[in-house]
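Participant: One-letter residues, chain by chain:
Protein chains: 4
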Amino acid sequence: MIKAGIIGATGYAGSELVRLLLGHPEAEIETITSKSYTGQDYRAVYPNFNHIDMVCEEENMEELAEKCDVVFMALPHGQASKRVTEDILKKCKIIDLGADFRLQDTDVYESWYCEHYSKEILKEAVYGLCEINREKIKGRRIVGNPGCYTSCSILSLYPLLREGLVRENSVIIDTKSGVSGAGRGVSQGNLFCEVNESVKAYKIASHRHTPEIEEQLSIAAGRPVIISFTPHLIPMNRGILATCYADLKESLSYEDLRAVYEKYYKDEYFIRLTDRGVFPETRWVKNSNFADIGFTVDKRTNRVIVIGAIDNLYKGAAGQAVQNMNILFGLDEKTGIDFVPPFPV
Amino acid sequence: MIKAGIIGATGYAGSELVRLLLGHPEAEIETITSKSYTGQDYRAVYPNFNHIDMVCEEENMEELAEKCDVVFMALPHGQASKRVTEDILKKCKIIDLGADFRLQDTDVYESWYCEHYSKEILKEAVYGLCEINREKIKGRRIVGNPGCYTSCSILSLYPLLREGLVRENSVIIDTKSGVSGAGRGVSQGNLFCEVNESVKAYKIASHRHTPEIEEQLSIAAGRPVIISFTPHLIPMNRGILATCYADLKESLSYEDLRAVYEKYYKDEYFIRLTDRGVFPETRWVKNSNFADIGFTVDKRTNRVIVIGAIDNLYKGAAGQAVQNMNILFGLDEKTGIDFVPPFPV
Amino acid sequence: MIKAGIIGATGYAGSELVRLLLGHPEAEIETITSKSYTGQDYRAVYPNFNHIDMVCEEENMEELAEKCDVVFMALPHGQASKRVTEDILKKCKIIDLGADFRLQDTDVYESWYCEHYSKEILKEAVYGLCEINREKIKGRRIVGNPGCYTSCSILSLYPLLREGLVRENSVIIDTKSGVSGAGRGVSQGNLFCEVNESVKAYKIASHRHTPEIEEQLSIAAGRPVIISFTPHLIPMNRGILATCYADLKESLSYEDLRAVYEKYYKDEYFIRLTDRGVFPETRWVKNSNFADIGFTVDKRTNRVIVIGAIDNLYKGAAGQAVQNMNILFGLDEKTGIDFVPPFPV
Amino acid sequence: MIKAGIIGATGYAGSELVRLLLGHPEAEIETITSKSYTGQDYRAVYPNFNHIDMVCEEENMEELAEKCDVVFMALPHGQASKRVTEDILKKCKIIDLGADFRLQDTDVYESWYCEHYSKEILKEAVYGLCEINREKIKGRRIVGNPGCYTSCSILSLYPLLREGLVRENSVIIDTKSGVSGAGRGVSQGNLFCEVNESVKAYKIASHRHTPEIEEQLSIAAGRPVIISFTPHLIPMNRGILATCYADLKESLSYEDLRAVYEKYYKDEYFIRLTDRGVFPETRWVKNSNFADIGFTVDKRTNRVIVIGAIDNLYKGAAGQAVQNMNILFGLDEKTGIDFVPPFPV
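Protein chains in written order, with our numbering: chain R, 3 to 347; chain P, 3 to 347; chain C, 3 to 347; chain Y, 3 to 347.
Among these hints, one or two may not hold up.
Claimed, not checked - Derived, one-sided and incomplete: chain P residues facing chain R with beta-carbon distance under 7 Å:
{"id": "1", "residue": "P49"}
{"id": "2", "residue": "H53"}
{"id": "3", "residue": "V57"}
{"id": "4", "residue": "H79"}
{"id": "5", "residue": "Q81"}
{"id": "6", "residue": "S182"}
{"id": "7", "residue": "Y266"}
{"id": "8", "residue": "Y267"}
{"id": "9", "residue": "R274"}
{"id": "10", "residue": "R278"}
{"id": "11", "residue": "F331"}
{"id": "12", "residue": "T337"}
{"id": "13", "residue": "V342"}
{"id": "14", "residue": "P343"}
{"id": "15", "residue": "P344"}
{"id": "16", "residue": "P346"}
Source of the hints: derived by calculation from the structure; they are not laboratory data. Every residue gets a Cβ at the ideal spot worked out from N, C-alpha and C, and that includes glycine.
Same shape as in the complex, but just chain R (with noise of 0.2 Å):
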């Protein structure tokens, strides 16, 4: 059994992270830490763990370090890189939820976040979008586990890029969220009457998503790719759906995309492409694993349409870093998360 910790535990990403690990087959918690919750039962914090007895211990990096085969970081950016040094990282794995590990460039880092403390160690993380980076997840000590907007956005457009399909400067991302991805935090934005019967859009060219989905399209490109990315509150729970814009550069039939997205995507178990002329759905992926992807040519503006569904706290956060442990540990990768989606919930 892998033996797994995890920082943060009482965020919504880190809830969902233990409740993933609870029914592992392969995998057990050993530790789980709060900050806000020192010493205080899991099940007083999260009711729905009501049958089970848990305690919300005191982080102790180097403990749980030596305790753990895997520990997973859900914290506020800039907490983990702090924490993650090669005495850590010659003890266990790292799977960090949070954003320091996920951008390559630090200088991007720094201008969109904050200092980085451990830039030696970023270096070697891997970017843990399963499907893409499968082979490079192989055999690495940490990982930066993919933000929801972006796991899903770049999941949607990289057969575009990779295969130079579209124009680089002509991606636009216009995402819906759920508000679950705002986190527990108690702010008056995030209050029900305030998004309830409402919807927004928010940090307008501006959002932290963005760097993320650059560098990695601009990777599968091989060229710099600068996109318009705009996300949007939905008065949901959970879900993000990424409806992206391109310019063909050539003309370009349905088919001829199909065949593109099929090279990519045909043996992925958790990528669903939907049929010609039906389109991903945020309620289809909910609760699960999986991304569905539609896609559609307009004529009229030489444009492709492609719309990208996953659950942001599923695929979008705990599920994919469970993913990643699998990937890590050898195990099959659909161990523990292989559900079917719950409908309607």
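Once you have looked at the hints, place chains P, C and Y on chain R.
Facilitator: Coordinates of chains P, C and Y only, in the frame set by chain R:
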């Protein structure tokens, strides 16, 4: 492996059953049938099953009985009683998610529903409320799977009636249900804009779950129990909350009642008693087989107020149906339905 | 024009009051105050007022009393009773939307709330449930504007208690409220993801609206009425539904009770009795001053079940406050609050 | 008093129109008609009108024209063009809320919709986007009331196209709509459980509002504008948010564009430009005739991103229809539709 057939697989309860059985380690789905979608891919009807190949078959009861060890029926009332015969029961076990085999008194059935077409078999059927009737279910050929409101209401009140602690004619059950309880049938009243941002009571003092609750509570009490039952529709997908009121015959403390509830439920895995001062909320049981129950004693009125919460499609339908299958086939009762409820979802 | 001041204009109820008074043809807003947003543009706090220039002032009770004909107070309990003095009442009329001037019995107030700082003035205050106390309100200097749950509950049950038709100790009120009733204050429990897709009971047998309902129903009945009151939180913005149960003293028909309800409410513009077999739903009164009331007689239990529906911020707070102002100043009671409820909204 | 008739009064838009006209000080409803509910009480169809007596009449176009000064038509496309004749127009003014009199190019109409039955009259019709075509509307006999998505999209982009600041073929409009836009017709896709907790794009690159937006923006630009338009369905009742992307021809600052927007909209009462860094959200315009517009310049991509928000049933349908009536009859444009948006609602 238990071979299972599902009649009526394209309603919400039928679909939930398909999902649970697909993940069940000891069962496999032999056939699914649908009147409305015969011949169609299941994934076209429910795209959450996008990665799975299944086709909706035309129903053939005899063939199903031949091929299957158990047949689940998720049909409108009056349909199952036409299908189940002595001959069928010799070939397979039946778990009926509809109303036809729940009430033991056929007169009561016919006064609240319609003609009953297999009265002899009704006598043999057992009311499949697992925690109460476990021993009676074992070895039976046909199970009437309880209704959603009734599962929640009976479990909430059973210890009080069984022990004779409350006045039998004082019981009032005020329930709140998510919209999935109304099924996938198309009607103006269930349109998004008609349900969203509103709450209503319906079928006041006339809902068909009333006699089902009364019959079971009367059996528990050993004398007639006549209740007021008021269902309400709440703008959410899943979940039932039952707020139950009853006059205590004598003055009793919280501790007195706690002891009674623990006597019956302490060892029940799927029943979770909440701590004193903490009450069930549907979010903590959504998408699970758990029933959370909590209560308080109101000294001012000498009433006990009991709150119960379940997921109407899971413990209130498909989950309990699987639980009944597990009992019928001698499996661990939790097999295939033992999951921590996800949150937020 | 009536000059109005509003203390606490940045809560949900205060904001609703600002909106209604801005549209009132016989009133004008002289000053709005806010503790949290002193000096800030109101349109920055509530962008629905984006086209209107108003600034949140610092509160100065004496100055307000000088400048205004009427001062509305929308404050946490215990605050209004500190501000209202004989001197203030000589200068302006007071309509308090909080709890301080609702209960006539100061002992009851102090046992459910906190110390009361103006007991003499409390004696003078009138309970501003317009349809019941209209004549008493006229000419009064200070009005205790009823609570949201209480407005709905008392109006629903008043005729039955007034006429002595139900057992006084049998009354059970099970209410369902939208989230705006909890106000704009920030707390984890009111975050979108914590409220959405769930329903819960809270403050069971201990909510502060209990004594308010009991006092008014006791006055109506002419003898003590002790009730069970259970509020529930529903995932919607606005609206309260009260489901009320009471044992009939004698066997009475629907027509008997209909006659009683019409006796009291036939000419009440803002009370709409629903037709037989039709019951109130919050969507039909949302964003209006109407209270819809319907009922049925359950012959099986000899109970009457009454359903009442209001908008908690409108008839349950700001709308009724304006209605009280209209009465106090001799205007047509409907002035400024006579709108058809929008739907769907 | 203007005598008004409403054909199709039992759809959501028709019902909103009934509500607004009932409150309009200069108009009175002469007749309402409904195909589905002929002869029924309006309050039975929409219980929010519970206190008002009105009956749904059978439609008789000629009689309506005789009796009314203005007839509003809220019908499926293809219906209005069959009804409006020269003879009708001699007797009354027509405001059509459907699609039949919006497009000036009949070929475009017929390629996106169906046969058009009154092409001559179409030439006379004016596109009733009040803020843009106010002067053209005055004195006209027939108005094509704009669609909901189109009102929001055109108002958001008009100044940019009118001034030639953006590349005409670069415009992408990604819209998010509440469910009331789909009307009250019954379909599985609009059931609560199918819409709630999900988001989807639909009619991608093929929605009928596309040519309407293109025609108006082309007129504004003085050259062809071809757009990508993607509508999305959001789990809320009302509201449309349009997120618009366009490439700037030259490098322009926020201030440059601000000056342009103010040139066109500074004196428009119903258009509210948000402050720099603040963006429209549908909650701030819900249940009102306001259109909120905000924008930002993304230096990284040299794109302008404009956000527009309206209420789809109000400014996007019935409210703008009343605004058009006010213009046609020489009233103050705000008459009967000048209300602060309620919040939260």
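Participant: If a hint holds in the structure, say so; if it doesn't, say that too.
Facilitator: Hints and how they fare:
1. P49: holds (4 Å)
2. H53: holds (5 Å)
3. V57: violated (16 Å)
4. H79: violated (22 Å)
5. Q81: At about 23 Å, which exceeds the 7 Å cut-off, the nearest Cβ of chain R leaves the hint on P:Q81 violated.
6. S182: Nearest chain R Cβ about 5 Å off; hint holds.
7. Y266: violated (17 Å)
8. Y267: violated (12 Å)
9. R274: At 5 Å from the nearest chain R Cβ, P:R274 passes the 7 Å test, so the hint holds.
10. R278: Since chain R brings no Cβ nearer than about 13 Å to P:R278, farther than 7 Å, the hint is violated.
11. F331: violated (22 Å)
12. T337: violated (14 Å)
13. V342: holds (5 Å)
14. P343: P:P343 check passes; min Cβ-Cβ to chain R is 4 Å, inside 7 Å.
15. P344: Result: holds, 5 Å to nearest chain R Cβ.
16. P346: holds (4 Å)
Violated hints, in rising order: 3, 4, 5, 7, 8, 10, 11 and 12; the structure is consistent with all others.
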